[in-house]
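Participant: Single-letter residue listing:
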Amino acid sequence: AQSVTQPDIHITVSEGASLELRCNYSYGATPYLFWYVQSPGQGLQLLLKYFSGDTLVQGIKGFEAEFKRSQSSFNLRKPSVHWSDAAEYFCAVAPSGGYQKVTFGIGTKLQVIP
Amino acid sequence: GAVVSQHPSWVICKSGTSVKIECRSLDFQATTMFWYRQFPKQSLMLMATSNEGSKATYEQGVEKDKFLINHASLTLSTLTVTSAHPEDSSFYICSARDPRDLAQYFGPGTRLTVL
Chain A
1 AQSVTQPDIH ITVSEGASLE LRCNYSYGAT PYLFWYVQSP GQGLQLLLKY FSGDTLVQGI
61 KGFEAEFKRS QSSFNLRKPS VHWSDAAEYF CAVAPSGGYQ KVTFGIGTKL QVIP
Chain B
1001 GAVVSQHPSW VICKSGTSVK IECRSLDFQA TTMFWYRQFP KQSLMLMATS NEGSKATYEQ
1061 GVEKDKFLIN HASLTLSTLT VTSAHPEDSS FYICSARDPR DLAQYFGPGT RLTVL
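As they're listed, the protein sequences go chains A and B.
Per our numbering, the very first residue in the first sequence carries number 1; after that it's consecutive.
Per our numbering, the very first residue in the second sequence carries number 1001; after that it's consecutive.
Same shape as in the complex, but just chain A (with noise of 0.2 Å):
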């Protein structure tokens, strides 16, 4: 079965710092993969996906997340960090192909400081 672990339950960054959220996953073959966000009392906003290809993946709001194959990790990360993006950042793991069922990690809350 599948499985994604989020180490980090809360960061804390300044503005304008830069920012790495960590994903490690857990399946047999490459699984798609997902970051999500959510504001409070809020639904969640895909962020980012990585189905093949190019292991660096662009995605919204200025964020890039890196799939490490050897690592079985998937990192989100943002150069800059702005105030408005203090909230929750959940990563998902899917089996590629085919019936998709996905699977969330605990989440990381962020909170960004002036």
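What the hints contain is simulated information worked out from the structure, not anything from laboratory work.
Possibly wrong hints are sitting among the right ones.
[As the list claims (entries may be wrong)] In the DSSO-like style, the derived pairs of lysine-lysine whose C-alpha atoms are separated by at most 27 Å in a straight line are:
1. Lys-1066/B <-> Lys-1055/B
2. Lys-1020/B <-> Lys-101/A
3. Lys-1041/B <-> Lys-109/A
4. Lys-49/A <-> Lys-1064/B
5. Lys-61/A <-> Lys-109/A
6. Lys-101/A <-> Lys-1014/B
7. Lys-1064/B <-> Lys-101/A
8. Lys-68/A <-> Lys-1020/B
9. Lys-101/A <-> Lys-68/A
10. Lys-49/A <-> Lys-61/A
11. Lys-61/A <-> Lys-1064/B
12. Lys-1055/B <-> Lys-101/A
13. Lys-1020/B <-> Lys-1066/B
Since we're looking at a predicted model, the values are computed, not measured.
Dock chain B against chain A, hints included.
Facilitator: Structure of chain B alone, referenced to chain A:
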């Protein structure tokens, strides 16, 4: 990106009543939709997978007679919480898989409070 709506955004009901939540894909047709439940400060828990024109597939531990799912069209799935009790109070989120890119797009969620 694809847009998914949910209605209502919040609902308060009395114990013992039933509540219906709608999930719509607004700009694409979704053969598969998903229903999740999210507890405070926790991740999403998949409740069931809704397939258009067939019975929903429920995750282990989810009571299918309590959480009725209907996927009557390619743009609409409904979740009915029957005989709701306070422990059913939660944040319910639906998602729809866009066949154009295979990603799941989420609705804004429904906050259910059972008194």
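Participant: Hinted pair, alpha-carbon criterion (27 Å max): Lys-1041/B, Lys-109/A. Please report holds or violated.
Facilitator: holds (9 Å)
Participant: Could you grab the alpha-carbon distance between Lys-68/A and Lys-1020/B and see if it respects the 27 Å cut-off?
Facilitator: violated (42 Å)
Participant: Is the Cα-Cα distance between Lys-61/A and Lys-109/A 27 Å or less?
Facilitator: Given pair Lys-61/A, Lys-109/A holds - Cα atoms ~17 Å apart, limit 27 Å.
Participant: For a C-alpha distance cap of 27 Å, please report whether Lys-1055/B and Lys-101/A respect it.
Facilitator: holds (16 Å)
Participant: Could you grab the alpha-carbon distance between Lys-1020/B and Lys-101/A and see if it respects the 27 Å cut-off?
Facilitator: Since the Cα atoms of Lys-1020/B and Lys-101/A sit roughly 24 Å apart, the hinted pair holds (cutoff 27 Å).
Participant: Hint check: Lys-101/A vs Lys-68/A, CA-CA at most 27 Å. Holds or violated?
Facilitator: holds (22 Å)
Participant: Has the given pair, Lys-1020/B with Lys-1066/B, been kept, meaning a C-alpha gap of at most 27 Å?
Facilitator: Answer holds: Lys-1020/B to Lys-1066/B is near 12 Å, not above 27 Å.
Participant: Please verify whether Lys-61/A and Lys-1064/B have alpha carbons no more than 27 Å apart.
Facilitator: Violated: Lys-61/A and Lys-1064/B sit about 39 Å apart, past 27 Å.
Participant: Has the given pair, Lys-1066/B with Lys-1055/B, been kept, meaning a C-alpha gap of at most 27 Å?
Facilitator: Status holds; Cα separation ~15 Å.
Participant: For the pair supplied as a hint, Lys-49/A and Lys-1064/B, is the alpha-carbon distance within the 27 Å limit?
Facilitator: Judged against 27 Å, a Cα distance of about 31 Å means the pair is violated.
Participant: Compare the distance between the alpha carbons of Lys-49/A and Lys-61/A with 27 Å, and conclude whether the hinted pair is satisfied.
Facilitator: Given pair Lys-49/A, Lys-61/A holds - Cα atoms ~14 Å apart, limit 27 Å.
Participant: Given the hinted pair Lys-1064/B and Lys-101/A, is their alpha-carbon gap at most 27 Å?
Facilitator: Between Lys-1064/B and Lys-101/A the Cα gap is close to 18 Å, so the pair holds against 27 Å.
Of the numbered hints stated above, those contradicted by the structure are hints 4, 6, 8, 11, listed in ascending order.
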